[in-house]
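A.B. asks: These protein sequences, in sequence, are chains S and B.
Residues 1126 to 1616 in my numbering are what the first sequence lists, from first letter to last.
Residues 2 to 704 in my numbering are what the second sequence lists, from first letter to last.
Hint data in this document are derived by calculation from the structure and do not stem from the laboratory.
Accuracy of the hints is not assured; some may be wrong.
Sample of chain S residues lacking proximity to chain B, with all beta carbon distances greater than 12 Å (derived) [stated by the list, open to error]:
1) Lys-1248
2) Gly-1280
3) Gly-1384
4) Glu-1452
5) Asn-1473
6) Pro-1584
Per the computed footprint, the stretches of chain B lying under chain S, defined by three or more beta-carbons under 8 Å from a beta-carbon of chain S, are [what the hints assert, rightly or not]:
7) 281-295
8) 310-317
9) 345-351
10) 488-494
11) 597-603
12) 606-617
Cβ atoms here follow ideal geometry from the backbone N, Cα and C, with glycine treated the same way.
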Amino acid sequence: LPNNLLEYAMSSENSRREFLKRASALSATGVVAPWALNLAAIGEAAAQSSPTDYKALVCVFLFGGNDHGNTLVPYDLPTWKSYAELRGGSGTNLAAPGGLGTAWTSLKPTLLDPVIPLPGGSKRQYALAPEMSQLIPVFDKERLAVLLNIGPLIGPTTKKEYVDRSVSLPPKLFSHNDQQSVWQASNPEGAISGWGGRIGDPFVPDDPTKSTFTAVSVSGNAVFLSGKDTVQYQVSTSGSVRIKGIGDTESLYGSLAAGKALRKILRDTPSFNNFEIEYARVVLRSIEADRALTDALNGVPALVTEFPTTGLAAQLKMVARMISAREATGVKRQVFFVSLGGFDLHDNLLAAHGPLLKQVGDAMASFDTAMKELDVLDQVTTFTASDFGRTLTSNGDGSDHGWGSYHFVMGGAVNGKRFFGEPPVLGNDGPDDVGQGRMLPTMAVDQLAATLATWMGVPPDKLEGVAPSIKKYPIEKQNLGLFRSSVLGSS
Amino acid sequence: LLTARRQPSDKVAAHSAVVAAQIQNTTIELSLPSRLGFSAPRNTTAGACVESVQRQQVVNKAASSDGAGADAVQHQLCINLRSYAVTLQTVDTDVEDQAGPTSDTSNTSDTSDTSRSPDRVVRSAPPETTMPAPLPVLGALMASVAAAACGGGDDGAAAQTTATGLSASPSTESPSLASNAQPAVALPFDVFKDKADVVRLLAQGGFGGNRAEVDRVFNKLGSASAWIDEHLGMRLFRTHQVWLTKKTIPVLPENGLNPPGTDGMENTVWRAFINNDDQLRHRMVYALSQILVVSTAGLDGARIGWLLIYYMDVLYKNAFGNFRDLLEAVTLSPAMGRYLSMKGSQRAVPNGRQPDENYAREIMQLFTIGLVELNADGTPKLVKGKPVDSYTQDDVAGLARVFTGWDEKVGTAGGLRFVTSMVNNADLHEKGEKRFLGVTVPANTSARQSLGLALDRLCSHDNVGPFIGKQLIQRLVTSNPSPAYVGRVSAVFKNTSGDLKAVLRAILTDSEARNTDAVVNNPNGGKLREPVLRFLSWARACNVKSVSGDWLLSSLNDPAKLLGQSPLRAASVFNFYRPGYVPPNTALAKAGKVAPEFQITTETSVAGYLNFMQSAVANGNSAVLPDLKADYGEAWFRKAGDPAGLVAEANLLLAANQLSPAHVSLIGNAVAAMPSKDDADLWNRVYAAVFLTLASPECLVAK
């Protein structure tokens, strides 16, 4: 029995007893009936009766394509030297390499000391960008893991296969909007469902008001959050926006009649033109969700955790507030989307990148603290994503569009203080390089999606619906093992 | 006189030639028959021409069994006279520009210093077609003659033009273009059947209009093509740079005081959109600013305002020009240079620094050819059922070598670098061979020549017409144009080698734009008006003015508290929304339709918009629009005692009569239930009628 299915079944305290009862009944008969178990598990999940059964995913999207090269910097000297040279500087001056490189001497405080050292003949070490120092304690508490060289793929892809074009490649590589979409939705611009929304699909409550809060963006519209049944809800950093005059007895320009007319117009459903129909639906969702969310947020104490005064931190704070109101909003599974822009640093990389990374590190660290405050560390998993990685070589003042990148997964359930994936071989025309230090990913976004989906409780037979190419990986690679084992251990 | 300078279209040529000849008392040559039935033999004297026109008017009137129809014909004659007189009110250089201390007259339309490849076919008219200096006087005379010939007493186009300081420009159309532009066969759905048709046109080719403008266009112009001709003939009045310079913010040396930041940009951009009557140019500029995107988000440091207003001026000056010229001016603008980091990109160093690929990639992906090979109708070409990439990473890298060595023009007087085309430093330009899209630029080709060859290659690509044409249709008319519509527009683009006037005319006169019934009866017809267009439609219909005269506005981008959109403030070079955006979980998605504007339509932004407009509509709410005030005036206020009339006014001017009968009566009843004891009551009625209309999805979807 796959571990994830057990975990899925065990995800609710109430259902655990029931599950064990059924499982022992089955084993007592001596019949191995995984399918029956599976059905039982699904039934348990659908019930979702326990208030403690709550899980959330938070996607932190770095718009523009994060320069992974300066986000996670090689620390062992041979690799750092190679890095510094590729970044257009000197591999010998450790304090001032020049080019785009980060000084080796500045990296010690953010050196990552994983539970399991990285494999490889010469020991590979990495440090976080100095600006991300706030994440070091999170890493050390085993709540932060690093994904090495992840990016969109349509199945395992070797460099030879890439060069020969003998495998399917993700469409429209290196293009911002399309790779944002491919990362989020496995399809380029125009995609209509993303894997965050597809993860949410099995959990959308029937109650339309509650279902609104299954997938929430505190950034703009993101295809990531749209599933078959999951409809994205967008909220501002200060909560929902109430339409003036929407209250049952409110007036408009001093007139009750005008107020009433406004409410009628906004609640009417147009009947013919699809633009009108869909616009009216958004307005209606806005009205209904505002009512529910305002009540929910008013019913919970304010967060004690202090967040920095940045845009990203404000978004994550709103996520934390919504999580704190999870009982009132009544959703058992939530997927959130927050974002920070400005990463497309073709120029001015050295000056501009650090402050962005500081925003990310500080905001994520505060969010981790808030999750601890809310006692939901094990129930909320946060991960970073971006259009693509970038070139390692310099264009003089910045880096250009790439492919594979480094990313982070954070949360109490995460097998933290670890690296996942293979440390890439740096260098022009190396085995992981498809030109100018663009990395050919060795870990697919679909593997991440399937792993997170499984953690959220999506059953194995639905994983392909979440991550379309997951079956192209052998079964043992369909789950990246990012999460700590459940009480029952692995199967 | 006329044929020497341009080959105007038939009717305009005929009538205008008459007037011109009368003024100059010379013989003229008329080479084209008039579609209105008037023609004069060659070398007819001016007096004879005028007599002939008058005779024709009488004939037309008499021949028509329908008096109104004859009136319409006569109107048409007058309109043509007037609009051509306007056209002739011309100076080639912008006098206002020259008055400004910082004008950069060499920046945009004059690209003669750029080497072009010998086989370039994309050319605007040569300089000899421009008008000589005395013509402004002639133009003014002609305007009065035109007015007189139409019975005088009418303060339509000519007077309006004077009032707004517009000066007209000579057309630079090629002969084939002119005949292309005005087919001898009457355009279907061209003649306005009602004033709602006018409102629809003003919302597509402009930001809307007030009652007086709608009446004028209906009564005096009578058809979409007449309005388009009128507007295509209007010359850019003055640049943003000039307005800002004269208004408040002097051009300072770099170490000077009061860097303008972005505030001046917001002031002058909103001012121009709201206040100026040469609406088609403004609307085209706004559309172009959403295709050739630069944004405050992504420009750092001081002087962002200067960078952006210069960029806007580049768009203004080229909005009715040739796409190839526009692209070059955009490419070399310091705003774009910074925004997509071509500025400062340098030649490759062996085993080291590589040229910046940013501009090379986006100029292909977003500004010219797009990602996949297109058919002329905008659909992707399929090979074995799959689209074909229009360029590769190697093309990006090759083209990036072209865009090297460019930087702002420093060393001249201070802040001029922000408002002057970039210049090239040959030492930093790539000297090796450059290969892209099947073109090889030999080693040691200069930066200018390389640039010219690159832009020529891009602009001669078959994708440009459908790629740019379809996006312009989406910005102006409809989210989902039929392939046939795109095909018609891209054919004009191709046949005119990218003449944007001809493209605009093709877009706006197309039956798919003009046939209201077909759009209204199509469940996926039309487009969602984006917040900027909704706001401007109100501002134009309700005569919004700046109280201080300085148009004190800032960004309206905040979706929770303000409008949720502001010009030149897109999140990235991918604009506020993508042309291919499909709103998930919708009937539109099921139908395979796109709805770009839905990308910025959220539960937050719909509420923010309503709250913002609710305040804005009720004059003088200092919270959201402290310096703007609507002058509802007679047209609105005197209807406040007549709820049905008031709602009809709002429905016409804001919604092109597309509110449902249910909502018309709903709003009418609500207004009727409002008190009317005093002026304050009556004003509230106006606000309610206007705001409730602006709240209705029937108004927000332009059909």
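A.B. asks: It remains to establish, for every hint, whether it holds in the given structure.
C.D. replies: Okay, the hints, checked on the actual structure:
1. Non-interface status of Lys-1248(S) relative to chain B is upheld: no Cβ of that chain comes within 12 Å, the nearest being about 28 Å off.
2. For Gly-1280(S), the shortest C-beta to C-beta distance to chain B comes to about 18 Å, beyond the 12 Å cut-off, and the non-interface label holds.
3. Its closest Cβ contact with chain B, about 9 Å, brings Gly-1384(S) to no more than 12 Å, contrary to its assignment away from the interface.
4. Listed as outside the interface, Glu-1452(S) is consistent with that label: its C-beta sits roughly 22 Å from the nearest C-beta of chain B, beyond the 12 Å cut-off.
5. Not every beta carbon of chain B lies more than 12 Å from that of Asn-1473(S), the smallest distance being close to 7 Å; the non-interface claim is violated.
6. Separation of Pro-1584(S) from chain B is adequate, the least Cβ-Cβ distance of about 23 Å exceeding the 12 Å criterion.
7. Against chain S, the segment 281-295 of chain B contributes 0 residues with a C-beta closer than 8 Å to a partner C-beta. That does not satisfy the three-residue criterion, and the hint is violated.
8. Beta-carbon proximity to chain S at under 8 Å applies to 0 residues in the segment 310-317 of chain B; the threshold of 3 is not reached and the given coverage is violated.
9. By the rule of at least three residues with a Cβ nearer than 8 Å to a Cβ of chain S, the coverage given for the segment 345-351 of chain B holds, with 3 such residues.
10. Counting residues of the segment 488-494 of chain B whose beta carbon lies closer than 8 Å to any beta carbon of chain S gives 0, which falls below the threshold of three, so the coverage claim is violated.
11. Interface restraint, the segment 597-603 of chain B with chain S: holds (5 residues with C-beta to C-beta distance below 8 Å; minimum three).
12. Proximity of the segment 606-617 of chain B to chain S, defined as three or more residues with a beta carbon under 8 Å from a beta carbon of that chain, is established by the 7 residues found.
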